[in-house]
Amino acid sequence: MTKFRGCIDIHSGQVKQIVGGTLSDNDSTLKTNFTSTHPSSHFSRLYRENNVTGCHVIKLGPGCDEAAEEALKAWENGLQIGGGINDRNAKHWIDMGAEKVIITSYLFPDGKFSRENLEKVVKEVGKERLVIDLSCRRRENGWWVAMDRWQRITETEVNKETLDSLSAYCSEFLIHAADVEGLCRGIDEDLVKKLGEWATIPITYAGGAYHIDDLKRVKELSNGKVDLTYGSALDIFGGKTVKFEECVAWNKDQE
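Counting with this note's numbering, you get residues 989 to 1243 for the letters of the sequence shown.
Keep in mind the hints are simulated off the structure, nothing from the lab. Worth double-checking, as some hints may not be accurate.
Unchecked claim - Here are the simulated DSSO-like pairs of lysine-lysine, each with C-alpha atoms no more than 30 angstroms apart in a straight line:
(1) 1148 to 1213
(2) 1148 to 1204
(3) 1231 to 1148
(4) 1182 to 1148
(5) 1100 to 1115
(6) 1204 to 1100
(7) 1182 to 1231
Whenever a hint applies, use it, and build me the whole structure from the sequences.
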């Protein structure tokens, strides 16, 4: 059943909400919707106290490890961690208290999918501890995985064949619609519907949600098979259109 999942996005050591398409090596292009005065642990405790499970911490570039570790310590074995995860550090983050690790760019050296790299991470942490991030950008003929802070399009299409193949190696998928991430202009309904059709394991969708009714819409489009993350629209991240308490209430209603 569709539920609300939380996020803690960390950039340069601070919890932020960023317009996804502006994230690159050149900070002059960066558009930030919100920068928190609270430490990352504040949001971990908020999610823990309200039983919002399956939340993810994403490190957006360098200088984020300390804040990420602080978030994990505030809710040990309760949060997922992503951003620069590979076979050499995946086990470290599990040992630091992450429930699961999320991998993206490491799976796509030179923009091409590497099953060898995937198997290396699975060997380190196991399938049940692994989330595969297939965040993507829309093209005329579908959606394609985007890596390196969503700036580089890979050769991997997000479709039923891809999800079926990769689901044998992970416990769930995380999929940001990078084209609408942080814009608060609506979800990619076509993508959500397709994800509901393709889903065989849990999927969390992020990107564009700006109203509490988006939870109902995602539930309808995906037949309850896809969960939803709010970012910039949420009041705890400076948003004005979605209240955290409404999201918590939604989850309780679904139980």
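Evaluation of the provided hints:
1. 1148 to 1213: The given pair, whose Cα atoms are some 14 angstroms apart, holds under the 30 angstroms limit.
2. 1148 to 1204: Holds, at about 24 angstroms.
3. 1231 to 1148: Answer violated: residue 1231 to residue 1148 is near 34 angstroms, above 30 angstroms.
4. 1182 to 1148: holds (8 angstroms)
5. 1100 to 1115: With a Cα-Cα distance of about 21 angstroms, the restraint between residue 1100 and residue 1115 holds, given a limit of 30 angstroms.
6. 1204 to 1100: violated (36 angstroms)
7. 1182 to 1231: holds (28 angstroms)
Of the numbered hints listed earlier, those contradicted by the structure are 3 and 6.
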